[in-house]
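Construct the entire structure; sequences and hints are all you get.
If you want the building blocks of each chain, they are given just below.
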Amino acid sequence: MKTPTTESQESGVESHLTENSEIRNPKSQMLIALAGNPNAGKTTLFNALTGLKQKVANYPGVTVERKEGFWKAGENAARLIDLPGLYSLDVTSMDEQIAHDVLTGKIGNLPKPDAVIAVVDATNLERNLYLVTQILEFKIPVVVALTMVDLAEKQSLEIDTAKLSELLQIPVIAVKAGQKHGIEELAEKTFEAAQSDKIPHLPWLTEAEFLESDEDIHLSLSDDAAANRKIFARYNFISDVYQESVNALETTERGVSEKIDSVLTHKFFGLVILVAVLLLVFQTIFSWAELPMNLLESGFGALGELAKAVLPEGILADLVIDGIIAGVGGILVFLPQILLLFLFISILEDTGYMSRAAFLLDKLMSKVGLHGKAFLPLMSSFACAIPGIMAARTIENPRDRLATIMIAPFMSCSARLPVYTLMIATFFAGQTVFGFISVGAVLMLAMYALGIFTAVIAAFVLKRTLLKSPPPPFVMELPPYRLPNLRTVFQNMFTRAWLFVKRAGTVILTISIILWALAYFPRTNTEMFVPPDANASAEEIQKAKEDFQQSEQLRNSYAGKLGHLIEPVITPLGFDWKIGIALISSFAAREVLVSTLSIIYNVGKDANEESETLTQAIRDEKRDDGTPVWTPLTALTLMVFFVLAMQCMSTIAIVRRETNSWAWTLFMVGYMTALAYFAAFVTYQVGRMLGF
Amino acid sequence: MILTNLPIGETAKVVSVKGNNAVTKRLMEMGVVPGVAVKVVKTAPFGDPIEIRLRGYSLAMRKSEAEAIEVSE
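Listed in order, the protein sequences are those of chains A and B.
If you read the first sequence in the working numbering, its first letter stands for residue 1, the second for the next number, and so on.
If you read the second sequence in the working numbering, its first letter stands for residue 1001, the second for the next number, and so on.
Keep in mind that the hints were calculated from the coordinates and are not lab data.
Everything numeric in this text was worked out from a predicted model, so none of it was measured.
Each residue gets a CB set at the ideal place from its N, CA and C atoms; glycine is no exception.
Fair warning: there could be bad hints in the mix.
[Unchecked claim] Sample of chain A residues with no beta-carbon within 12 Å of chain B, all distances over it, derived:
| hint | residue |
| --- | --- |
| 1 | Val149 |
| 2 | Ser165 |
| 3 | Gln169 |
| 4 | Ala187 |
| 5 | Lys198 |
| 6 | Ile238 |
| 7 | Leu295 |
| 8 | Phe494 |
| 9 | Ile513 |
| 10 | Arg555 |
| 11 | Lys622 |
| 12 | Val629 |
| 13 | Ala663 |
| 14 | Ala674 |
[Stated by the list, open to error] PhoX-like mimics (lysine-lysine), calculated; alpha carbons at most 25 Å apart, straight line:
| hint | chain 1 | residue 1 | chain 2 | residue 2 |
| --- | --- | --- | --- | --- |
| 15 | A | Lys112 | A | Lys67 |
| 16 | A | Lys67 | A | Lys55 |
| 17 | B | Lys1039 | A | Lys363 |
| 18 | A | Lys545 | A | Lys622 |
| 19 | A | Lys363 | B | Lys1063 |
| 20 | B | Lys1063 | A | Lys267 |
| 21 | A | Lys198 | A | Lys106 |
| 22 | B | Lys1018 | A | Lys363 |
| 23 | A | Lys198 | A | Lys72 |
| 24 | A | Lys176 | A | Lys53 |
| 25 | A | Lys112 | A | Lys55 |
| 26 | A | Lys176 | A | Lys163 |
| 27 | A | Lys468 | B | Lys1063 |
| 28 | B | Lys1013 | A | Lys367 |
| 29 | A | Lys463 | B | Lys1063 |
| 30 | A | Lys198 | A | Lys112 |
| 31 | A | Lys53 | A | Lys67 |
| 32 | A | Lys308 | A | Lys543 |
| 33 | A | Lys154 | A | Lys259 |
| 34 | A | Lys154 | B | Lys1039 |
| 35 | A | Lys163 | A | Lys198 |
| 36 | A | Lys72 | A | Lys176 |
| 37 | A | Lys106 | A | Lys139 |
| 38 | B | Lys1039 | A | Lys267 |
| 39 | A | Lys363 | A | Lys259 |
| 40 | B | Lys1018 | A | Lys259 |
What follows is the structure, given as structure tokens:
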């Protein structure tokens, strides 16, 4: 399947490669694949081999990351493709399917690799060798890069690499990617292997049933009994190899990991520490991100001012300033939060803590049908659904991941706060229940609770209907605790952030321009303007004229017309057409509601959620018959609507990108909006019946 | 004996992995095959999942998944 994004990814890779003068035609380059278990040190080795010459994109049609780099060693050069971390090549997960397709040369424009470097963790030799035995069955030359040898020695594991190489009939090279140790030898052996067609003849490979047909060895797994026999045969071979090449000295000392684990997964302290870690992460994301976010905001403000000064007044200037800079700037201010979140995710994953957190919480999460790993995306979504949805990448099973993405936006994000705050400040300020609990705090808590409650129900329903699947196997490695490799952490953080900027940027730019145009056209002239007061100063007249212009413009624009159009639909919620405009414009981002209301109610653009004039204007707004538009019930209804509605074009863009499906994206927008409407309807109508 | 009946801290040899489904396949791929020694390390705070140790590494699984694994008495 070819999608437009595939094209751009390809050209991206090529243009990158052609930057290097030695490479004119990447298609004729040798292709080498890097495969290995998760946590085997694959990424560190990939970085050491390719340096910064790498590109990250997605495989066509799926969200599996495709990392490709350029590896130059002496006179030899090759494209190096980093396969997803995997335990097995049987096609049970998306990652395994992709790896399988790459190794058989079935992915679009990639030829079958000339050789595979299998990254093998020396401290976990047997299970890591399992993948090696499977790759060997593909009849591609394999070279083993043995990592973590020093750690293995500390654990009293003596590995005879020469013996290992002899038994596997393939080169085995100990590498320390961090110190570039063994890299030269690895290059030499790999390029040698890639140019020969020497395929090892290993005992289990010659067993009749294994070589019935090349192509379908791994696809004939419908015969499960045969598949299980194969797994057994591979491990039998591995056990023999292990016994002959490894000398494991008996130690009674508990490993460092085991000691750390006895605290971190302790029945009581484990949970306390988990909560503390999460609080620390979110506190840090909020507080550290504040300064750069403010800087970005004023930066975009300054950019707008600059554009205003440079561009001639007119439609182009308005498009650039109010459409493009304001729209794209509005999403890019989230970048610091996203970078920080990914920094922490990387650290939590690389240290091995993420698996423990999933281990601790799986029982709770599985009650609603989610995987233990879903807790982090959901927690992150309280800050912002965008990084939360991106964090769902850590969930392997596509259906579980989708279910998590579908419910993440119900978590009340920080963009809803200005809306809640405005409504509370306008109608519930200073009120208390039982004399001491503030109504505002109760309402705020209720809004968060409503979001969580709906998310739980939605997950429960989705996992039993559209996303019905057998409970995903939890079977998961608890990797040893390790210090993260800082370079890998930062590289991860920046590549992911860049993907966010690039992809989300294009969609958001488009939607920003559309929304801008809706509010901008058709133009209203200001000739009908009547100065309010004969004694007013020129300055005051000018200000009144601008306010008049803004609100008249909005009233007559397409957005205003849309407001009138949807008025019959939102009347049962107690909303008039002006609130309708605010609902439409806050589709761009929830907090836009505040600035739109202030434009409509003529209180100047610099109003914020606590400004006296805006709260006063909202209270004073009258219908044609003289009754107030807003009552405390209207405010409550609006808050309920904002808890559940999908009003965030950035989230929509990210969901489209992460699910790779407009159908799921539209489904999400649809079901969330329907729920929001229903809940708001019930709130307003029941409230009316109760006499509010 | 079923693995979930093995007391915490005890080691036993896997006799068989019953069933033909995604879970048993994954378990076998992760090295839980007949003949291998496994040790039950701990259970999670809410009683599930459990952690076992085999072939020098730690593996977590739900109790419902561990029920497929039969170990020697």
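Going through the hints against the structure:
Distance check for A/Val149 against chain B: the nearest CB is about 14 Å away, which clears 12 Å, and the non-interface claim stands. Look at A/Ser165: its CB is around 21 Å from the nearest CB on chain B, clear of 12 Å, so calling it non-interface holds up. For A/Gln169, the requirement that its beta carbon stay farther than 12 Å from each beta carbon of chain B is met, with the minimum near 22 Å. The non-interface label for A/Ala187 is consistent with chain B: the shortest C-beta to C-beta separation is roughly 29 Å, beyond 12 Å.
Distance check on A/Lys198: its Cβ is at least 27 Å (rounded) from any Cβ of chain B, clearing the 12 Å threshold; non-interface status holds. For A/Ile238, the requirement that its beta carbon stay farther than 12 Å from each beta carbon of chain B is not met, with the minimum near 9 Å. Even its closest Cβ contact with chain B, about 42 Å, leaves A/Leu295 beyond 12 Å, as expected for a residue assigned away from the interface. Every beta carbon of chain B lies more than 12 Å from that of A/Phe494, the smallest distance being close to 31 Å; the non-interface claim holds.
With a minimum CB-CB distance of about 46 Å to chain B, A/Ile513 clears the 12 Å threshold, and the non-interface call stands. Listed as outside the interface, A/Arg555 is consistent with that label: its C-beta sits roughly 57 Å from the nearest C-beta of chain B, beyond the 12 Å cut-off. Under the 12 Å C-beta cut-off, the non-interface status given to A/Lys622 relative to chain B holds; the minimum distance is some 56 Å. No beta-carbon of chain B comes within 12 Å of the beta-carbon of A/Val629; the shortest separation is about 50 Å.
Once the 12 Å rule is applied to beta carbons, A/Ala663 is consistent with being away from chain B; the minimum gap is 26 Å. Consistency note on A/Ala674: stated as away from chain B, and its beta-carbon is indeed over 12 Å from all of that chain's, at 34 Å minimum. At roughly 16 Å between alpha-carbon atoms, A/Lys112 and A/Lys67 fall within 25 Å of each other, so this suggested pair holds. Of the pairs offered as hints, the one joining A/Lys67 and A/Lys55 holds, with about 6 Å between alpha carbons and a cut-off of 25 Å not exceeded.
Proposed proximity of B/Lys1039 and A/Lys363 is supported: the alpha carbons are some 21 Å apart, at most 25 Å. Proposed proximity of A/Lys545 and A/Lys622 is supported: the alpha carbons are some 22 Å apart, at most 25 Å. Restraint check: the Cα-Cα separation between A/Lys363 and B/Lys1063 comes to about 10 Å, which is no more than 25 Å; the hinted pair holds. Proximity of B/Lys1063 to A/Lys267 is assessed by CA-CA distance (about 17 Å); at most 25 Å being required, the pair is judged to hold.
For the proposed pair A/Lys198 and A/Lys106, the alpha carbon gap of about 22 Å is at most 25 Å, so the pair holds. Note on B/Lys1018 and A/Lys363: the hinted pairing holds, with a Cα-Cα distance of about 24 Å set against a maximum of 25 Å. Proximity of A/Lys198 to A/Lys72 is assessed by CA-CA distance (about 23 Å); at most 25 Å being required, the pair is judged to hold. Using a Cα cut-off of 25 Å, the hinted pair A/Lys176 and A/Lys53 holds, with the two alpha carbons roughly 20 Å apart.
Between A/Lys112 and A/Lys55 the alpha-carbon distance is near 19 Å, which keeps this suggested pair within the 25 Å criterion. Restraint check for A/Lys176 and A/Lys163: the C-alpha separation of about 20 Å stays at or below 25 Å, so the hint holds. A threshold of 25 Å between alpha carbons decides the hint, and for A/Lys468 with B/Lys1063 the separation of about 21 Å falls inside it, so the pair holds. For the hint pairing B/Lys1013 with A/Lys367, the CA-to-CA distance comes to about 32 Å; that exceeds 25 Å, so the pair is violated.
Between A/Lys463 and B/Lys1063 the CA atoms are separated by roughly 21 Å; this keeps the pair inside 25 Å, and the hint holds. Simply put, A/Lys198 and A/Lys112 have alpha-carbon atoms about 16 Å apart, close enough for the 25 Å limit, and the pair holds. Proximity of A/Lys53 to A/Lys67 is assessed by CA-CA distance (about 11 Å); at most 25 Å being required, the pair is judged to hold. Restraint check for A/Lys308 and A/Lys543: the C-alpha separation of about 19 Å stays at or below 25 Å, so the hint holds.
Distance check on the hinted pair: A/Lys154 and A/Lys259 sit about 16 Å apart at the alpha-carbon level, within 25 Å; holds. About 22 Å separates the Cα atoms of A/Lys154 and B/Lys1039, which keeps this hinted pair within 25 Å; it holds. For a cut-off of 25 Å, the pair hint linking A/Lys163 to A/Lys198 stands: about 19 Å separates their Cα positions. With a CA separation close to 18 Å, the supplied pair A/Lys72 and A/Lys176 stays within the 25 Å bound.
Distance check on the hinted pair: A/Lys106 and A/Lys139 sit about 15 Å apart at the alpha-carbon level, within 25 Å; holds. With a C-alpha separation of about 19 Å, the suggested pairing of B/Lys1039 with A/Lys267 holds against the 25 Å cut-off. With a CA separation close to 23 Å, the supplied pair A/Lys363 and A/Lys259 stays within the 25 Å bound. For the hint linking B/Lys1018 to A/Lys259, the alpha-carbon distance of about 33 Å lies beyond 25 Å, and the restraint is violated.
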